Amino acid sequence: MSEDIDVKLEQEVAEFYQSLGIHQGPGDIQYRLILKVLGKNEGRITEFSEIREYTDMFADKGSIGSKMKTIFQLEGLAEKVKRGGYIITDKGMTASNFLKDTTTFYKKNKRMGEIIERMP
Amino acid sequence: MSAGLLLNATICFAITISSFAFAWVLAQSDSQHNNKSRPALWSLIALWSLVGLTYLPTTVRMIAAYMDNQQLDLIMYYIASVPFSFVAVPLVFFILYVIIGDQKISSYISLLFVLFGAAYLALFYSSGVIGPTITPLTSLFTINSDIAINIYLIGLFVIPTAMIIGLLFLIFLQRMPKRLRYRTALPLVAISFVFDFMLTDMITLDDTMQLAARIFVLIGTVQAFLAYFPPMTLQEKLGIKKYEYILCEKEEEEDYDEDGVEGSDINV
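Protein sequences, first through last, are from chains A and B.
Heads up: the first sequence is residues 1 to 120, going by my numbering.
Heads up: the second sequence is residues 1001 to 1268, going by my numbering.
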């Protein structure tokens, strides 16, 4: 069963990494959402329109297309299998797993931060 | 009548004074806390006040034992048992609130410990105590109810102590700045110190052990004070000093280029 993508959480996580000076990869909301959608559809073709469902509020069609080409295809994280159709590669799955770890780290860090905040 | 009893009374009095002073200082710092940390702060104030309220009658008790007034000794023992039975309540609230952040749930669970305390007191008062046994160092009572001791051990001490250890582990497993680690772990260690040695103090039948336990309670109180108000030398030694940073002027900021080419672009 595929997991749901929490756009708000992804944005929070991206902002957290940006605040640490990491603006690319885990700190880039577009990268996060694209990889999340690709990871969710592992073994199936991901339509470009499906990616745009999540990314439209952050970026236009052009910049997402460009990201797909310059990062995901160029680095071999995804392969274009048809016009507007992509499939995640094994390397892409590694990146997707890493992304999950970044979310876990964020949650852990946030929880600890809240604990410290509540300590008088 | 021995000097050991006076020494014991002095230690109890020192615990009373330092606990009340600490609770007072914490209460004074209320305005420096936000709404998130305020419930935990007040539970700490309640905890230290209860420690003080436990040791105030104990001080009188030791003086009564020194003056060979067994009646007053017994009355004071009964009085000291009341705040002592409820010491676990603010502690449980504090730990639960810090971990889960929900004031309601923390209150409900700590209410359970009020019941534990009340059950302990009911059994304690109905069964009575055996004593006092006056020794050169202290005056000892034996609680005449095994169930009361079991409630006391399991409900009032084992669970809260396990909670403290859990929170300590949570803190130690995280990588965090030294200053924060000191600020969060030391109060917990201090509370644990005070709490566990209060247990030893109340149930031991060995006078030397009771005196030693009271010395450790005093050390724990001082430790808690140091956790919140570390002296400058300690801060420097432990590397936890918070420096006041002064923002550089713009002219100074641009002076990063050692080759003298000011304002040159940095390729990232």
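By construction, these hints were calculated from the structure, which means they are not laboratory data.
Keep in mind that this is a model prediction, so the values were computed, not measured.
Do not take every clue at face value.
Sample of chain A residues with no beta-carbon within 10 Å of chain B, all distances over it, derived [unchecked claim]:
| hint | residue |
| --- | --- |
| 1 | 4 |
| 2 | 61 |
| 3 | 106 |
| 4 | 112 |
| 5 | 114 |
| 6 | 116 |
| 7 | 118 |
Straight-line C-alpha distance at most 20 Å; calculated SDA-like pairs for lysine to any residue [claimed, not checked]:
| hint | chain 1 | residue 1 | chain 2 | residue 2 |
| --- | --- | --- | --- | --- |
| 8 | A | 110 | B | 1174 |
| 9 | A | 40 | A | 19 |
| 10 | A | 107 | B | 1177 |
| 11 | B | 1178 | A | 112 |
Have a look at the derived ranges for each label pair, beta carbon to beta carbon [unchecked claim]:
| hint | chain 1 | residue 1 | chain 2 | residue 2 | range |
| --- | --- | --- | --- | --- | --- |
| 12 | B | 1238 | A | 22 | 25 to 33 Å |
| 13 | B | 1107 | A | 108 | 57 to 65 Å |
| 14 | A | 114 | B | 1231 | 50 to 58 Å |
| 15 | A | 76 | B | 1186 | 23 to 31 Å |
| 16 | B | 1144 | A | 12 | 27 to 35 Å |
| 17 | A | 98 | B | 1114 | 24 to 32 Å |
| 18 | B | 1115 | A | 25 | 32 to 40 Å |
The C-beta atom is built at its ideal place from N, Cα and C for all residues, glycine as well.
Tested hints:
no. : hint                          : verdict
1   : 4                             : holds (25 Å)
2   : 61                            : holds (28 Å)
3   : 106                           : holds (14 Å)
4   : 112                           : violated (5 Å)
5   : 114                           : violated (6 Å)
6   : 116                           : violated (6 Å)
7   : 118                           : violated (5 Å)
8   : A:110 with B:1174             : holds (12 Å)
9   : A:40 with A:19                : violated (27 Å)
10  : A:107 with B:1177             : holds (18 Å)
11  : B:1178 with A:112             : holds (15 Å)
12  : B:1238 with A:22: 25 to 33 Å  : holds (30 Å)
13  : B:1107 with A:108: 57 to 65 Å : violated (27 Å)
14  : A:114 with B:1231: 50 to 58 Å : violated (29 Å)
15  : A:76 with B:1186: 23 to 31 Å  : violated (50 Å)
16  : B:1144 with A:12: 27 to 35 Å  : violated (59 Å)
17  : A:98 with B:1114: 24 to 32 Å  : violated (48 Å)
18  : B:1115 with A:25: 32 to 40 Å  : violated (53 Å)
Checked against the numbered hints above, the structure breaks hints 4, 5, 6, 7, 9, 13, 14, 15, 16, 17 and 18 and satisfies the rest.
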